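Student: Model the full assembly from the supplied sequences, consistent with the hints where possible.
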Amino acid sequence: MVADLRRCVGCQTCTAACKLTNATPPGIQWRRVLDIESGEYPDVRRTFVPVSCMHCGDPPCLGVCPTGATFKRDDGIVRIDPDVCIGCAYCAVACPYQQRHIVKRREFAYGAQATAAEDLRFEPRSVAVSTKCTFCSDRVDHAASPRLTPGIDPEVTPACVNSCIAGALHFGDRDDPDSNVSQLLAHSAHFRMHEELNTDPGFYYIVEDAP
Amino acid sequence: MTESAESPGTRYVATYCYNCVAGPDLLTVKVTDGVATEIGPNFAGADVHPGKGKPCVKAYGLIEKTYHPGRILTPMKRTNPLKGRAQDPQFTPISWDEALDTIAAKLGDIRSRGILDAEGLPRVAVTFGHGGTPAMYMGTFPAFLAAWGDLDYSFGSGQGVKCMHSEHLFGEYWHRAFTVSADTPHTRLNVSFGANNEVTGGPCAVARHADARARAAKRIQIEPHLSITAAASAEWIPIKPKTDPAFMFAMIHVMLHEHPRERLDLAFLNESSSSPYLVGPSGYYLRDPATLKPLIYDTRRAAAVPFDTEGVEPLLEGSVRVPDAVEVGADDERWAHADINASTAFALLVAHMQKYSPEWAASICDVPAATIRRVANEFLDQACIGQTIEIDGVTMPFRPVSVTLGKTVNNGWGAYECCWARTLLAVLVGALEVPGGTLGTTVRINRPHTDRLQSVVAGADGFMQNTLNPTGRESWVKTPTGRNGHRTLVPLSGDSGAWSQALGPTHLAWMFQTHVPENRPKPTKPEVWIAYRTNPAISFWDTHAIADTMATLPFTVCFAFTPDETNHMADILLPDATDLESTQLIRLGKTKYVEQFSHHQGWVLRQPAVAPRGEARDFTWIATELARRTGLLEGYNTAINRGACGAKLKTPQRDFSLDPAQPHSVDEIWDAVCRAASFDLTRGEAKHGLDWFKENGLLTAPFAQPNWYLYPTLRRQKLRFELPYQERLMRTGRELAHRLHESGIRWWDQQLREYQPLPVWHDFAGIWEQDLVRRGKRPEDFPFWLITTKSMQYHAGGNAAIALMDEVGRNVRGHRGIIINAGAAARLGIKAGDQLEIASPIATTRGPAVPVQGIRPDTLVIVGQFDHWATPYAKDLGAPSLNTVAPLSLELTDENGSGADLVRVAVRRIAS
Chain A
1 MVADLRRCVG
11 CQTCTAACKL
21 TNATPPGIQW
31 RRVLDIESGE
41 YPDVRRTFVP
51 VSCMHCGDPP
61 CLGVCPTGAT
71 FKRDDGIVRI
81 DPDVCIGCAY
91 CAVACPYQQR
101 HIVKRREFAY
111 GAQATAAEDL
121 RFEPRSVAVS
131 TKCTFCSDRV
141 DHAASPRLTP
151 GIDPEVTPAC
161 VNSCIAGALH
171 FGDRDDPDSN
181 VSQLLAHSAH
191 FRMHEELNTD
201 PGFYYIVEDA
211 P
Chain B
212 MTESAESPGT
222 RYVATYCYNC
232 VAGPDLLTVK
242 VTDGVATEIG
252 PNFAGADVHP
262 GKGKPCVKAY
272 GLIEKTYHPG
282 RILTPMKRTN
292 PLKGRAQDPQ
302 FTPISWDEAL
312 DTIAAKLGDI
322 RSRGILDAEG
332 LPRVAVTFGH
342 GGTPAMYMGT
352 FPAFLAAWGD
362 LDYSFGSGQG
372 VKCMHSEHLF
382 GEYWHRAFTV
392 SADTPHTRLN
402 VSFGANNEVT
412 GGPCAVARHA
422 DARARAAKRI
432 QIEPHLSITA
442 AASAEWIPIK
452 PKTDPAFMFA
462 MIHVMLHEHP
472 RERLDLAFLN
482 ESSSSPYLVG
492 PSGYYLRDPA
502 TLKPLIYDTR
512 RAAAVPFDTE
522 GVEPLLEGSV
532 RVPDAVEVGA
542 DDERWAHADI
552 NASTAFALLV
562 AHMQKYSPEW
572 AASICDVPAA
582 TIRRVANEFL
592 DQACIGQTIE
602 IDGVTMPFRP
612 VSVTLGKTVN
622 NGWGAYECCW
632 ARTLLAVLVG
642 ALEVPGGTLG
652 TTVRINRPHT
662 DRLQSVVAGA
672 DGFMQNTLNP
682 TGRESWVKTP
692 TGRNGHRTLV
702 PLSGDSGAWS
712 QALGPTHLAW
722 MFQTHVPENR
732 PKPTKPEVWI
742 AYRTNPAISF
752 WDTHAIADTM
762 ATLPFTVCFA
772 FTPDETNHMA
782 DILLPDATDL
792 ESTQLIRLGK
802 TKYVEQFSHH
812 QGWVLRQPAV
822 APRGEARDFT
832 WIATELARRT
842 GLLEGYNTAI
852 NRGACGAKLK
862 TPQRDFSLDP
872 AQPHSVDEIW
882 DAVCRAASFD
892 LTRGEAKHGL
902 DWFKENGLLT
912 APFAQPNWYL
922 YPTLRRQKLR
932 FELPYQERLM
942 RTGRELAHRL
952 HESGIRWWDQ
962 QLREYQPLPV
972 WHDFAGIWEQ
982 DLVRRGKRPE
992 DFPFWLITTK
1002 SMQYHAGGNA
1012 AIALMDEVGR
1022 NVRGHRGIII
1032 NAGAAARLGI
1042 KAGDQLEIAS
1052 PIATTRGPAV
1062 PVQGIRPDTL
1072 VIVGQFDHWA
1082 TPYAKDLGAP
1092 SLNTVAPLSL
1102 ELTDENGSGA
1112 DLVRVAVRRI
1122 AS
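In order, the protein sequences belong to chains A and B. The numbers in the numbering used here rise by one with no breaks, and the one at position 120 of the first sequence is 120. Each number in the numbering used here comes from the position in the second sequence (counting from 1) with 211 added on.
I should point out that these hints are in silico values taken from the structure, not numbers from a laboratory. On a predicted model such as this, the values are computed, not experimentally measured, just so you know. One thing to keep in mind: the hints can contain errors.
So the derived label-pair ranges between C-beta atoms look like this [to be verified]:
| hint | chain 1 | residue 1 | chain 2 | residue 2 | range |
| --- | --- | --- | --- | --- | --- |
| 1 | A | Asp-178 | B | Gly-604 | 32 to 42 Å |
| 2 | A | Thr-47 | B | Thr-303 | 49 to 59 Å |
| 3 | A | Pro-96 | B | Gly-597 | 48 to 58 Å |
| 4 | A | Phe-122 | B | Pro-579 | 33 to 43 Å |
| 5 | B | Ala-669 | A | Pro-211 | 50 to 60 Å |
| 6 | A | Asp-178 | B | Lys-861 | 48 to 58 Å |
| 7 | B | Lys-429 | A | Asp-178 | 26 to 36 Å |
| 8 | A | Pro-96 | B | Arg-426 | 31 to 41 Å |
Some but not every residue of chain A turned toward chain B, in silico, with C-beta under 8 Å [what the hints assert, rightly or not]:
| hint | residue |
| --- | --- |
| 9 | Arg-6 |
| 10 | Pro-25 |
| 11 | Pro-26 |
| 12 | Gly-27 |
| 13 | Arg-32 |
| 14 | Asp-35 |
| 15 | Tyr-41 |
| 16 | Pro-42 |
| 17 | Phe-48 |
| 18 | Val-49 |
| 19 | Ala-116 |
| 20 | Pro-154 |
Every residue, glycine too, gets a C-beta built ideally from N, C-alpha and C.
Tutor: So this is what it looks like as structure tokens:
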């Protein structure tokens, strides 16, 4: 995942798209955009930073999981098997990006009664377990048969990327030097969060063109 | 609509979102087992929609809107005859027959007595919400309104105080720009005085501005707080509220007095503006005595000649002797001159702006003079004077500099000065209505609404025709035709039906119900008031007073999604099928509001993704039934045939018209509209019906980019932009003063002083301080400026009841709170989260403190419009609102009936 911070305006369209796509309960946001201020008046900057699970190459959440619910797929996407997760929250503590969300109970947007859409989308396995961004891996998995490319073809691209009205979010294969994201990174100055922790996050932030 | 490969019970339905004027935006609805579950882009339209087929965050709330547990799902009637905020309306479900028959009986009775009352005012008033967007959801209701006849649209829901009001009036007057935009795809420098494009410009503006940043275009954002748009700008300049004209005047000063003339676009000034027109001693143009055409001085002939004389080389700047000329003033007063000394309009401008230096503006704006000077110089440096660009084979000037204005800047006191200065900045460098420059995008006061280039008609004196409300002795409309008196008080609002009424001072319609100024007849109450997609009890100012007035209206019909503060006063509630449940075909592309100038034009369908819930009915069905039961069916169908639903059903080329004598189903009506629209768009190649649009969603054809720009049309017609000198407005203002004074009206005198040929700086901010004194208060007791800003989650959405918007809105700073400068907060002992009370002279509002660095120490910001007390979910937010504490006031209303979202307040901590 690549976020071009020059383009993001913090509109939270990705946040809302993620919530609908993944039917997360109220207050659970697998993806959101931080609204960060720096400096002192009148020399102030305000920056919008999309965040989610970083799908780390060396995920701190994985090693602490006592049940093996957390696993990393061959393509690098970090997932949680809800049938194995016991909701112990070790992973939530271990994640330096605060991107693990324990859903404690079934909740609805408007009190005790589910709407028709909430009822239809309710997944009992998502309660009392840890949840997080999946990079919409169910969509990505559709790429295998019809020769579609995640990050290029909307059908197999994460919902947040599809929804981004600023064109700030990009998705692709960082191991393919010709992929859209590899090309973007090759031509830009970028960073990853908390590089010093050596988690090898799979989420990159572009700040300017390459020097 | 497309069946999904994922699951046989799942399908994707293409439709649109037009909740704000920056639409329409495309989207798809995922429907599983008959339930709408997800919203996503419609990538099938990515190449033809400026927003690349994507809707903004608001559209993602439409699922919750559809299934909201607080929805009104049956018609209801009020059983408590007492109205008011404290009264329980005791709404009781009724059948559609009872609801429609009750309304039809009221309307039928009115028709039997005449649709105008004894005062000449329409007995039926209607109020619709944001910027005309309700028309994109009300199906065939416009045909019902057309069949009805005279209606009063003057009870606003925020128009004048919440819209880009003066920009609408002046923009349309000067360059057919009801809304003004930078040519974002081409501009290199955008100087933005509070324009909040990244929030209110929709996916189109967000995408285009992101592209602009990627190509290193620069935006300088000048406003009191670090808004989202400021955050996405290269530079933020915090300016004191309501001092924007001083900044722009100083920019003009720099361009006129600190650079050689050659830095300006002299050809544009000479040929496309009124700069060379000669002005006489009374301030009016010197005119040829025989033809009354304004004179210019031809340096070739060394003589004053009519402006349209062929082969002239106009004198731009200077003073000349004119042997024989006449001035024409107010009420046809004339001055004949012989051998008179006269200056050009441009020379007067130069002299006029002499005093407005950056050093003069610095203390007013609280911005260093060097900063103002640098911005002006950058504007000149980037203007590319002399360069051209070829687009689609048309060569045009290329001037990639633009100036945009935000709400509160372009309405209320100082708006004339801001709008004039902004447009003049473009004129000085030839950047008006050319690639890269400052553009208009739509017309509403002029016609046709669908093509602003066609609205360009030659008028007097070499300018475009503009039909102002008359101010002559015989022609002035002394007796108001609507309850706000737009034709009586506001010449620029024109007389273009509903739009002009709604552009008049719509808060005056509410105010005059309780406070009638001297020598003005007390307006009657409308016997029936119909409201749709609007909640003026929240979205206006002094909202408690508005709600109280609403409670006095005798019979109110509200189309209702949930209970809200306005329909709390209703007698009948009608549940219309909402966004994902109903059918309508609307126009897409071409040039529309805000930044919606497109390379395509066409039509897009809203279609039912799911069946309407409960007893909710498609608006077209409701309109047809109302027409039938009111005896207006023939007129209603005739209006549909005439094009009230967007496309004429019958033309010499084809006939899809409906039998006027018969009621028609929703699908029959829209099928005919679809066929007519597609026939015209494809020049007869297609007659796609409703089923085709349901399958494909939209139909488009190319729209040539040169049509974004007005300049070629004006050149072709040898017309000039009516700038810099405002001779006609001065004459109009003086005539209006005569008429009002003859009628004993003196309460508009301060407004009348604004009709200046060259605007002068007043202490605009001081007007708010004077208002405090007038109310018996001390300005020092109200030391903060309270302003407001919009959020994309809520802007124009009517969606305060949607929990999802609140949840994601809370990721953006300030939502639900009061933004205050961190230093100012510390001085007052205020910490983040402390409960604050904001007090104006009329009311208080409360919310938690949000201390930040990115705001001036003298300014507070409240995001959005809240303070709900009846709307489900929203009433429990505890969010503050500027609207509650901002007074409705004649003194705070400018000459165009416009006010600014601004109020002086005190702040105190009431709880930690």
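Student: None of the hints should be skipped; say for each whether it holds.
Tutor: Hints and how they fare:
1. A:Asp-178 x B:Gly-604: 32 to 42 Å: Cβ of Asp-178 (chain A) to Cβ of Gly-604 (chain B): about 37 Å, so the range 32 to 42 Å holds.
2. A:Thr-47 x B:Thr-303: 49 to 59 Å: Between Thr-47 (chain A) and Thr-303 (chain B), where Cβ atoms are some 53 Å apart, the hint holds.
3. A:Pro-96 x B:Gly-597: 48 to 58 Å: The hinted range 48 to 58 Å holds for Pro-96 (chain A) and Gly-597 (chain B), with Cβ atoms some 56 Å apart.
4. A:Phe-122 x B:Pro-579: 33 to 43 Å: 58 Å, violated
5. B:Ala-669 x A:Pro-211: 50 to 60 Å: 55 Å, holds
6. A:Asp-178 x B:Lys-861: 48 to 58 Å: The hint (48 to 58 Å, Cβ to Cβ) holds, given that Asp-178 (chain A) and Lys-861 (chain B) are roughly 57 Å apart.
7. B:Lys-429 x A:Asp-178: 26 to 36 Å: Between Lys-429 (chain B) and Asp-178 (chain A), where Cβ atoms are some 33 Å apart, the hint holds.
8. A:Pro-96 x B:Arg-426: 31 to 41 Å: 36 Å, holds
9. Arg-6: Given a least distance of 5 Å, the restraint on Arg-6 (chain A) holds.
10. Pro-25: 10 Å, violated
11. Pro-26: Status holds, d = 6 Å.
12. Gly-27: At about 7 Å, which falls below the 8 Å cut-off, the nearest Cβ of chain B leaves the hint on Gly-27 (chain A) intact, so it holds.
13. Arg-32: 5 Å, holds
14. Asp-35: 5 Å, holds
15. Tyr-41: 5 Å, holds
16. Pro-42: For Pro-42 (chain A), the interface hint holds, since the closest Cβ of chain B sits about 5 Å away, which is under 8 Å.
17. Phe-48: With a minimum Cβ separation of about 7 Å from chain B (threshold 8 Å), the hint on Phe-48 (chain A) holds.
18. Val-49: Since the shortest Cβ distance to chain B is 11 Å, the answer is violated.
19. Ala-116: With a closest approach of 5 Å, the Ala-116 (chain A) hint holds.
20. Pro-154: 5 Å, holds
The earlier numbered hints that this structure contradicts are 4, 10, 18.
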